[in-house]
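From first to last, the protein sequence lines are chains A and B. Just so we're aligned: 129 in our numbering is position 129 of the first sequence, and the numbers increase by one with no gaps anywhere. Just so we're aligned: 1039 in our numbering is position 39 of the second sequence, and the numbers increase by one with no gaps anywhere.
Because the hints were derived from the structure by calculation, they are not lab data. Be a bit skeptical, because a hint or two may be false.
[To be verified] Below, simulated SDA-like cross-link-like pairs (lysine to any residue); rule was C-alpha separation at most 20 Å, straight line: (1) A:LYS674 / B:LYS1127; (2) A:LYS424 / A:ALA360; (3) B:LYS1127 / A:GLN629; (4) A:LYS324 / A:HIS572; (5) B:LYS1120 / A:HIS572; (6) A:LYS363 / A:VAL392.
[To be verified] Covered by chain B, per the in silico footprint, the following chain A stretches (three or more residues, Cβ under 8 Å): (7) 273-279; (8) 427-438; (9) 524-537.
[As the list claims (entries may be wrong)] Some chain A residues close to chain B (C-beta under 10 Å, calculated; not the full set): (10) PRO352; (11) ALA399; (12) THR669; (13) TRP689; (14) LEU695.
The beta-carbon is built from N, C-alpha and C at its ideal position, and this holds for glycine as well.
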Amino acid sequence: MNDNRDWRAAGAAEDPSRRVFLKAGAALVVGIALGPSAVEGEAAEEHARLPGSLNANRMLDAWLRINANGTVTVFTGKIELGQGIATALAQIAADELDVDYSRIEPVTGDTSRTPDEGVTAGSLSIEQSGTAVRFACAEARALLVGAAAARLGVAPAELRVADGTVTGPGGRKTTYWELTADSMLHREATAAAEPKSPADYRYVGDSRHRRDIPPKFTGGQAYVQDLRLPGMVYARVVRPPSPRAELVSADLERTKALPGVVAVVRDGSFLAVVCEREEQAIRAREVLRESATWNSPELPLTLADTFDRANPGLPAHVQVVSEKQSQAAAPAVKRIEARYTRPYQLHASMGPSCAVARMADGKLTVWTHSQGVFPLRNDIARALGISPQTIVCVHMQGAGCYGHNGADDVAFDAALVARALPGKPIKLQWMRDDEFMWEPLGSAMIVKLTAGLDDRGRIVDWQHELWSYPHTTRPGGKEGVNLLAAWHLAQPSKPPFPADVPLPAGGSDRNAIPLYDFPNQRIVKHYLPEMPLRTSALRTLGAYANVFALESFMDEAAALAGVDPVEFRLRHLSDRRAGAVIEAAAKKAGWAPRARRDEGIGSMLRGRGIGFAKYKNLMAYCAVIAEVQVDRESGIVQVTRAWSAVDAGLSVNPDGVANQIEGGIVQSTSWTLKEAARFDRSGITMRSWADYPILRFTEVPAVEIEVIQRPAERSLGVGEAAQGPAAAAIANAFAAATGRRLRDIPFTPERVRGVLALKRTPDPQENPYRSNGGGKE
Amino acid sequence: MPATFALNVNGVTCSVTAEPDTALLYVLRNDLQLNGAKYGCGLAQCGTCAVLIDGRSQRSCVLPLSAAAGRQITTIEGLGTSERPSALQQAFIDEQACQCGFCGSGMVIAAQALLASNSKPTEADVKRTLDTHLCRCGSHNRIVRAVLCAAREGAA
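The following block holds chain B by itself, in its conformation from the complex:
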């Protein structure tokens, strides 16, 4: 049966009514009209849907709404905007770190979580962290450079 849940998304509390096992991804995209998290596989394999849950990067395509309620949810929209991007987002823009960009939002989220726990990651740290995120255009090296650049500038 559908139930109503209070969600804290990007610092704002909102109320959503849906089946408790609804993947958080669809609530973010459809009920809250947030574009950042993407449907890529629905199986937690690719990382396009990653969001921060209490600061940790998680796959919203397999996270039930009921499990997300009451926790701090941060999507890429919560980091910055096109006009005022965060330092990390700016680093991705500066490095022109994508082609199609479909994986990009998940990459930024994973990097944000990494930098929060390790402000001076090595290249190997970044690659290891992002190894569960897929990119098909071959933008990997630019993405790694963007994260390292943001780390140097103290983005976390």
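Isolated chain A (complex conformation):
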């Protein structure tokens, strides 16, 4: 990757705009974080708005503490997911405070210690938490320098700070560690202290090694799974066989008689076993499961029902989310339309969800890999009918979650068992089949697109219509409980109404509004709040399907216009940063117009395609070019190479950005080529990796990333930027290779053989890349 190490000089020149950007950035923060949004609104009425998460957590000592032992504790309500946030925040803090990076000790999401920053989701951590840490540390530095000036009897301007040592005229000095007092930072932030200019950054912009990595490769304690408490016992749950099943009976007595069984917990249809040893719990779970009888009603719909009809037949909230009309536009002389689908897909975390819980002295402590410890605490409190003040939720890492997996649910499972066994620490580990059967799914979606082109081959009319189930049913709502077991208890809680995430970030309609300049456009969503299968946040929410469809369709329109896809996109883009990532990716890939296909060898066809998006239309710009190889005989598609350019504004840690983009491309390749949830009317039918194959080493493309560093621009979220563009790039590369188009994810060998076998439609323009002959309608 290219991390443009010479950007510091460039940044210096642009410095005066820096402050403006950060402030503007703060105003742009959108309320996807569920927890503090209400608080933010109230706070804003009474006080001046502060940048980032500082607005809702206004005390300086909520964010940092200067310790007499020469360290600095930085508190963030965000959590480490392996995305490197703890490292990036430490880089920001070290720079603003002028202390060595090694002195910074980050503390992440803990309801008893850190600010409430809602959920760590939506690629918002640098923007929300990073901005708060930057301003809080800048202000703390000013306070410390002020105190040093008073102590040394000089003006603050005469002082210099190096690694926490403050030096004045004549070499007189003191240190932060001597100056610190509890009261100093116990005050409301003003954001009046000027943060550093990019030219003065020492750590920000540097690809620091992540702090969370060494324990992960050496067997250190890195995950909640590694937490062991004295007297801890091991629990497993026995879940119903299907989502709506109710427990009729179970042989608790026979289970209790098994070796090592400490307790069997039943509450309504919630069943769990607790044992002295883990393997005993696994065996007891099997015995209990076999003894249980359930009343299992069939599911009302299958995915086939949903997708085979134009109208899914469920109540839909229909909304025009964007409409633009221009009388000045030229009339359309050509029209195309197409329909794209994305199936239900899984987070499929490598480690099934796990939590540790303990009820002691009337206080419940839960160690969890939830993405939102505060929202989780609220829902646990509501479900148990106790005060949130009696619950502490402490984040520890788990396996990568990529959204709302079983993390919150297992935490509540553990809490239920802990409540039944006061005093005993409970480690509750879901089995692999628990995770596959019960994690919330990424929603299936349908996208229909229509475009009209004028006589010069420009798009003058664009219509995007989508159907989607909910994308956010996390804990943390104002009412109801979004925790699986809470719905199964004898006194069940109800889930709240699953509202869609509002624009501009959007949920089902995330990235449905094109960034391209179309004079006429109309975007309509059909939001289906009734879920036949439970759905929630999977990385990118609706953006993966919307960008796949939108960017595939751009290629279809380009083919109709007879214009190279890169050139076609640039002609419709006035956003220069968007154009810049497309051009950079094309340059990196050696993109040559009209040479996107070669004949390959034997039964192989090869082609290249591009996809682009600005995530949420608010965050990082990302263009991906994919090269695919299609085996005509077997129908197997292999993504052989991918190139990407990403502009995330100021990249705090460019290698962290590259890692996110690279990982996102690989994950999206897996989603796009292989992944679809399996289920029937009895419920989810997946139990193991055999039922949900994902991409393997020999199938992974080589990836090259260019991070365009823009030090004077505010940092833009990057964690979900690549998935949509990568899917479209693969689809477009397939079309370039074969002349046929795949519009239904995943691109399985069966589907590929299907479109390749279709009789080719005669092409009036004899454009070898035009691709309206294939695809299923």
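Starting from the known structure of chain A, fit chain B onto it as the hints suggest.
Below, chain B alone, put in the same frame as chain A:
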């Protein structure tokens, strides 16, 4: 019935009492308090639980305690520590070869076994060896680079 077994783990002999068919994974994690091997699937499908048994990479989630007794068991803790990582572990750190890292321990173990039998693997060798290990974050290319880098520096 539970029985007592002598295990040689990371060069140290220890004694464990459990049912003979207990998966080695739970003994390593709970009785010996070793974090490296992870529960990922319990079905030998994903590789997060891999350990070396007499130098060969095996899935501890399906290996009975009785079959592991008397053999040389090496977990990732036996290769090096955070403070003093082995050359192979250092290569994974240098390449920043993970996001969540949950698969990482198994990857290092599989790579260790590969390098012991093939000190100069090709990229294809590495990918073939790791093909039975799953990674969900998309860190595959970094992992392959780490193994090749360690091989170049003679990690085996």
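**Asked** Of the hints stated earlier, which fail here?
**Response** 5, 9
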